[in-house]
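> Quick note on the UniProt record's numbering: the sequence shown kicks off at 1 and runs consecutively.
Honestly, I wouldn't trust all of these hints.
To be verified - In silico EDC-like links for lysine to aspartate or glutamate, alpha-carbon gap of 20 Å or less: (1) Lys85 with Asp41; (2) Lys60 with Asp116; (3) Lys85 with Asp116; (4) Lys85 with Asp96.
Unchecked claim - Simulated DEER-style distance windows between Cβ atoms: (5) Pro52 with Val31: 23 to 29 Å; (6) Val63 with Ala173: 27 to 33 Å; (7) Ile8 with Val65: 21 to 27 Å; (8) Ile8 with Glu90: 43 to 49 Å; (9) Arg165 with Leu93: 31 to 37 Å; (10) Asn180 with Arg59: 17 to 23 Å.
Hint data in this document are derived by calculation from the structure and do not stem from the laboratory.
We put the beta carbon where it would ideally sit given N, CA and C, even for glycine.
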Amino acid sequence: MAVAGKSIMEHNEILGMDAALKFINQSVAYVSYFTLQDILDIHSHVLGFVDPEVAGVFRKSQVFVSSFTTVPANMVPGEMEEMVKWLNEEDSLLLDPIERAAIAHYKLVSIHPFIDGNGRTARLLMNLILMQSGFPPVIIPVEARSDYYDTLNAANRGNLRPFIRFIGRQTDATLQLYINSATTCDYREGSGECSISTAPKISAQQEETW
Numbered sequence: 001m002a003v004a005g006k007s008i009m010e011h012n013e014i015l016g017m018d019a020a021l022k023f024i025n026q027s028v029a030y031v032s033y034f035t036l037q038d039i040l041d042i043h044s045h046v047l048g049f050v051d052p053e054v055a056g057v058f059r060k061s062q063v064f065v066s067s068f069t070t071v072p073a074n075m076v077p078g079e080m081e082e083m084v085k086w087l088n089e090e091d092s093l094l095l096d097p098i099e100r101a102a103i104a105h106y107k108l109v110s111i112h113p114f115i116d117g118n119g120r121t122a123r124l125l126m127n128l129i130l131m132q133s134g135f136p137p138v139i140i141p142v143e144a145r146s147d148y149y150d151t152l153n154a155a156n157r158g159n160l161r162p163f164i165r166f167i168g169r170q171t172d173a174t175l176q177l178y179i180n181s182a183t184t185c186d187y188r189e190g191s192g193e194c195s196i197s198t199a200p201k202i203s204a205q206q207e208e209t210w
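Required output: the full structure, derived from the provided sequences and hints.
What follows is the structure, encoded as structure tokens:
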């Protein structure tokens, strides 16, 4: 898959996202019980073409993010084990799927377990949870990314509700894209069926480097 106008690094990041999306669609999306290895495997695909040595490996040094302080590297494995434990607990499973997916996303980025690719891995995990509940993978368009970061920053300050509401809005918008696509297909074909190939899909190019 070649992408015109992209650097080698950007091209490899797109290849990694494409591999991770295929991995989720073909295998993990059908697994209801999460393991730590599932998350490591997602990250391994995300960075597999960019930096194979750190793909699927927890960071071993401190990283600095402008909006919050990440956990020390030696605490990452334990924090991730706690996160996976939460994902499988009954209280988590009883949450609204959108709320559960948004919280899981935030938990992962707040731990920041990897040197790179944390945001992409968090969004893939979020979409995996949504897909397991029958939702399509959520598309966060370029014009919504400022709100995405603003609501994440609000979560860093202790208020997770704006981020959950943001993910809810993006889920609704993505569902509307699917409905519009199916309606257009029905109108054009005069049938009650629509090829899945005509439905909007989250793509590696949409995720790219952010």
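> Would you mind confirming whether the straight-line C-alpha gap from lysine 85 to aspartate 96 stays at or under 20 Å?
holds, 18 Å
> Would the pair lysine 85 and aspartate 116 pass a check requiring their Cα atoms to be no farther apart than 20 Å?
violated, 23 Å
> Cβ-Cβ distance between valine 63 and alanine 173: within 27 to 33 Å?
Holds, at about 31 Å.
> Within 31 to 37 Å or not, the Cβ separation of arginine 165 and leucine 93?
Between arginine 165 and leucine 93, where Cβ atoms are some 21 Å apart, the hint is violated.
> Given the hinted pair lysine 85 and aspartate 41, is their Cα-Cα distance within 20 Å?
holds, 17 Å
> Evaluate the given range 21 to 27 Å for the C-beta pair formed by isoleucine 8 and valine 65.
holds, 26 Å
> Check the following: the C-beta atoms of isoleucine 8 and glutamate 90 are separated by a distance inside 43 to 49 Å.
Between isoleucine 8 and glutamate 90, where Cβ atoms are some 46 Å apart, the hint holds.
> Is it true that proline 52 and valine 31 lie within 23 to 29 Å of each other by Cβ?
holds, 24 Å
> Decide if the proposed pair is consistent with the structure: lysine 60 and aspartate 116, CA atoms, cutoff 20 Å inclusive.
holds, 12 Å
> Looking only at beta-carbon atoms, does the pair asparagine 180, arginine 59 fall within the given range of 17 to 23 Å?
About 41 Å separates the Cβ atoms of asparagine 180 and arginine 59, which means 17 to 23 Å is violated.
Comparing the model with each earlier hint shows violations of hints 3, 9, 10; every other hint is respected.
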